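There are 2 protein chains.
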Amino acid sequence: MKNVVIISIGDEILIGQTINTNASYIGEKLTSVGFVIKRIISIGDEKLEILSALKESEEISDLIFVTGGLGPTHDDVTRTCILDYFKTDLVFHEETFKRIKKLFERRNIPMPEINRQQAFVPRCAKVIPNDFGTAPGYDIQKNGKRFFFMPGVPHEMKAMMENVILPQLKEMARELKAFYHQKILYTTGIPESALFSKLGDVKNLFEDVKVAFLPSQFGVKIRLSMLSDNEPYNLRKIELVEKRIREKISEYIYSDEIQDLEFIIGKILQEKKLKIAVAESCTGGLIANRITNVPGSSEYFERGVVTYSNQSKIELLGVKPETIEKYGAVSEKTAIEMARGIRLNSHVDIGFSTTGIMGPTGATPDKPIGLVFIGYSDSNKEFARKFNFADNRIRNKERTAQAALDLLRRYLLGLEH
Amino acid sequence: MKNVVIISIGDEILIGQTINTNASYIGEKLTSVGFVIKRIISIGDEKLEILSALKESEEISDLIFVTGGLGPTHDDVTRTCILDYFKTDLVFHEETFKRIKKLFERRNIPMPEINRQQAFVPRCAKVIPNDFGTAPGYDIQKNGKRFFFMPGVPHEMKAMMENVILPQLKEMARELKAFYHQKILYTTGIPESALFSKLGDVKNLFEDVKVAFLPSQFGVKIRLSMLSDNEPYNLRKIELVEKRIREKISEYIYSDEIQDLEFIIGKILQEKKLKIAVAESCTGGLIANRITNVPGSSEYFERGVVTYSNQSKIELLGVKPETIEKYGAVSEKTAIEMARGIRLNSHVDIGFSTTGIMGPTGATPDKPIGLVFIGYSDSNKEFARKFNFADNRIRNKERTAQAALDLLRRYLLGLEH
Numbered sequence: 001m002k003n004v005v006i007i008s009i010g011d012e013i014l015i016g017q018t019i020n021t022n023a024s025y026i027g028e029k030l031t032s033v034g035f036v037i038k039r040i041i042s043i044g045d046e047k048l049e050i051l052s053a054l055k056e057s058e059e060i061s062d063l064i065f066v067t068g069g070l071g072p073t074h075d076d077v078t079r080t081c082i083l084d085y086f087k088t089d090l091v092f093h094e095e096t097f098k099r100i101k102k103l104f105e106r107r108n109i110p111m112p113e114i115n116r117q118q119a120f121v122p123r124c125a126k127v128i129p130n131d132f133g134t135a136p137g138y139d140i141q142k143n144g145k146r147f148f149f150m151p152g153v154p155h156e157m158k159a160m161m162e163n164v165i166l167p168q169l170k171e172m173a174r175e176l177k178a179f180y181h182q183k184i185l186y187t188t189g190i191p192e193s194a195l196f197s198k199l200g201d202v203k204n205l206f207e208d209v210k211v212a213f214l215p216s217q218f219g220v221k222i223r224l225s226m227l228s229d230n231e232p233y234n235l236r237k238i239e240l241v242e243k244r245i246r247e248k249i250s251e252y253i254y255s256d257e258i259q260d261l262e263f264i265i266g267k268i269l270q271e272k273k274l275k276i277a278v279a280e281s282c283t284g285g286l287i288a289n290r291i292t293n294v295p296g297s298s299e300y301f302e303r304g305v306v307t308y309s310n311q312s313k314i315e316l317l318g319v320k321p322e323t324i325e326k327y328g329a330v331s332e333k334t335a336i337e338m339a340r341g342i343r344l345n346s347h348v349d350i351g352f353s354t355t356g357i358m359g360p361t362g363a364t365p366d367k368p369i370g371l372v373f374i375g376y377s378d379s380n381k382e383f384a385r386k387f388n389f390a391d392n393r394i395r396n397k398e399r400t401a402q403a404a405l406d407l408l409r410r411y412l413l414g415l416e417h
Numbered sequence: 418m419k420n421v422v423i424i425s426i427g428d429e430i431l432i433g434q435t436i437n438t439n440a441s442y443i444g445e446k447l448t449s450v451g452f453v454i455k456r457i458i459s460i461g462d463e464k465l466e467i468l469s470a471l472k473e474s475e476e477i478s479d480l481i482f483v484t485g486g487l488g489p490t491h492d493d494v495t496r497t498c499i500l501d502y503f504k505t506d507l508v509f510h511e512e513t514f515k516r517i518k519k520l521f522e523r524r525n526i527p528m529p530e531i532n533r534q535q536a537f538v539p540r541c542a543k544v545i546p547n548d549f550g551t552a553p554g555y556d557i558q559k560n561g562k563r564f565f566f567m568p569g570v571p572h573e574m575k576a577m578m579e580n581v582i583l584p585q586l587k588e589m590a591r592e593l594k595a596f597y598h599q600k601i602l603y604t605t606g607i608p609e610s611a612l613f614s615k616l617g618d619v620k621n622l623f624e625d626v627k628v629a630f631l632p633s634q635f636g637v638k639i640r641l642s643m644l645s646d647n648e649p650y651n652l653r654k655i656e657l658v659e660k661r662i663r664e665k666i667s668e669y670i671y672s673d674e675i676q677d678l679e680f681i682i683g684k685i686l687q688e689k690k691l692k693i694a695v696a697e698s699c700t701g702g703l704i705a706n707r708i709t710n711v712p713g714s715s716e717y718f719e720r721g722v723v724t725y726s727n728q729s730k731i732e733l734l735g736v737k738p739e740t741i742e743k744y745g746a747v748s749e750k751t752a753i754e755m756a757r758g759i760r761l762n763s764h765v766d767i768g769f770s771t772t773g774i775m776g777p778t779g780a781t782p783d784k785p786i787g788l789v790f791i792g793y794s795d796s797n798k799e800f801a802r803k804f805n806f807a808d809n810r811i812r813n814k815e816r817t818a819q820a821a822l823d824l825l826r827r828y829l830l831g832l833e834h
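Sequences listed follow chains P and D, in order. Under the working numbering, the letters of the first sequence match residues 1 to 417, in that order. Under the working numbering, the letters of the second sequence match residues 418 to 834, in that order.
Source of the hints: derived by calculation from the structure; they are not laboratory data. None of the values given here were measured: they were computed from a predicted structure. Certain hints may be false.
[Unchecked claim] Here chain P is said to cover these stretches of chain D; the calculated rule only asks that three of the stretch's residues, wherever they fall, bring their Cβ under 8 Å from a Cβ of chain P:
1) 452-464
2) 718-726
[Unchecked claim] Here are some of the chain P residues that sit facing chain D, going by a computed Cβ distance under 7 Å:
3) I41
4) T73
5) G285
Quick reminder that beta carbons are idealized off the backbone N, C-alpha and C, glycines included.
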């Protein structure tokens, strides 16, 4: 089992301007491969601080992951520290130069001199190419310890981890016989405490499998994990506990692989060769946005409308003015007419809709903030379901979108009739 | 000037299950009072780790803030570490006992023995009462250094900071004459390096103001900060440097207060009493979603459509089939017809649109992934602007949405004609 220290460089972390999500990401990934995170150190863009963090980390761990301070401007000092710490100098790296040049060519911008400088890399480093930005990463070995330096921009760092570093670490973990296995069961539509009650006597249920519940506005993730030198044992135990959990709460588990419900729905729609369209009021485009995050979603997503005004509900969806007048825009009837309207107008199999009061304003005596109707319409069935969420606008949008996608999933799978 | 180390205790932080927002909060608060955060250390619930982190922190700082590990269960070891580290023992603390007892009475639950144990506190500690939970905090002085121990539950920790600790620190900072000021300039539409080049000789430009560049896919934040014993000097210097920066790059700065462009645009639209509508193809609802994140956006946002299919572009926007056939759905002409269509159909002042190839599929020999057209239409002007982004689908959506909102901002402000 190898120990890891993660060093996050950047004043913005210390002063609380940036939350250190990079360290969480790296910690999660390395844990899942079978490494043990000993410590996370966040320091500013200060040479002495960086050098002393490197030294301390080398003393207490085998692998050191460093992010931040590799940008082209004056406040980025990590590369200079590398030269000092590893007693090396800079060499021109042709591939990196070409890569950076291409980045600017694609953007149709002349390449500034400070970016050209980024093609000079520490002699002792193996370069980790950056798919999304100019700064290369470095993989450096010293006295049996290994250092990975990556940019602090999250998606640049993540691409380096996924494409280059993690595959090597997985290989390393296999050789070390440190076997970590985990399985995540993604649930939605049920609170953590209700889930827990449904499971019953968890001590006997889980045995020696480590089980963690991770709630968020999208649902509760249940993580089962085992770390031992016995791979088959880990797998067998996790499988057993998963089976027991599924026996009790299977309908709430929408995936054991994919967190984002829109990907699950995309798969089902492609399998069933069905097309959908969505009419959003209170979610304001969030559902369409999530659906279109899936590559290839144009195959099954025909269109969406964000009918924020009453006029647009009438014009684009054929909602009857009387319905809005009599029951209000936030009502079961309006939700159903919206779902029907988008289905008929866009010639798809399923139309669905959202209408609600997201806050902070808009509440009336009988319609509080958080009141939401989700409408559904296919050629056999039409209905709307009522929800009562809380009073944070953004969170209400997120919860409504998640509930709407889960409702779609349940009907596509025949879980509800 | 006093230096601070923040120690965050908890396995959940190391394995990436919890993002360390406590440290960000403490860092932000202490910075704003005039203290300097030297380092944030995250460690697990391990006695040796905690003891060595305390020792290291005492060596490099004056104030040490520790959160986590004060709960009543077996995996909470911080109090035991305190006994070891400060060579002290536990004493019964009557007030804490009463406070915990009251908490359980209020919840109508008998008080478990493990919570009664929490009324025993380190003899050397001044107790910080917990308004929301059982675990008390501790304020401990040793050799001129000061240690604050707080629970890891965010709202319990925050209440201790706000009510007890920060008032004392503010007083301390006043006595020490340590004054910190900062200003953030939010820019978009220009890469970090180009921004830097436009600024020219930054050494002379910035003088002794600390300037940091923080890039993301939404733009580059420029943070100006000063820490000195002279409050008016700080303010004057920051103002001066801000003025110099604005002289060179003013059009790229969209705010010095608010990060999210949709809030800026909302303000302008309300001031100018203009209404907008958006026709999205490649952004798939992301723009409408961002616009409707703003409370009160229904005042100026009439509707949005997500015209993912060609058919929907024709039906909902009146895009001519010949235009799509001749130039393609991703073209200048289509973008303009989309913007015009949404403007006319929804009877608003400004219509705008996005169409592009987000990837990973959909590229053709002359239309690469990342090619985007943003269309604009008001009663005087119609045009589309071409962009070349990169090849990550989600990032392309985010960059396109940001560019579209910035284009809208620029035209609303008369920056472009």
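So, going through the hints one by one against the coordinates:
no., hint, verdict
1, 452-464, "holds (count 8)"
2, 718-726, "holds (count 9)"
3, I41, "holds, 6 Å"
4, T73, "holds, 5 Å"
5, G285, "holds, 3 Å"
The structure is consistent with each of the numbered hints, conforming to all of them.
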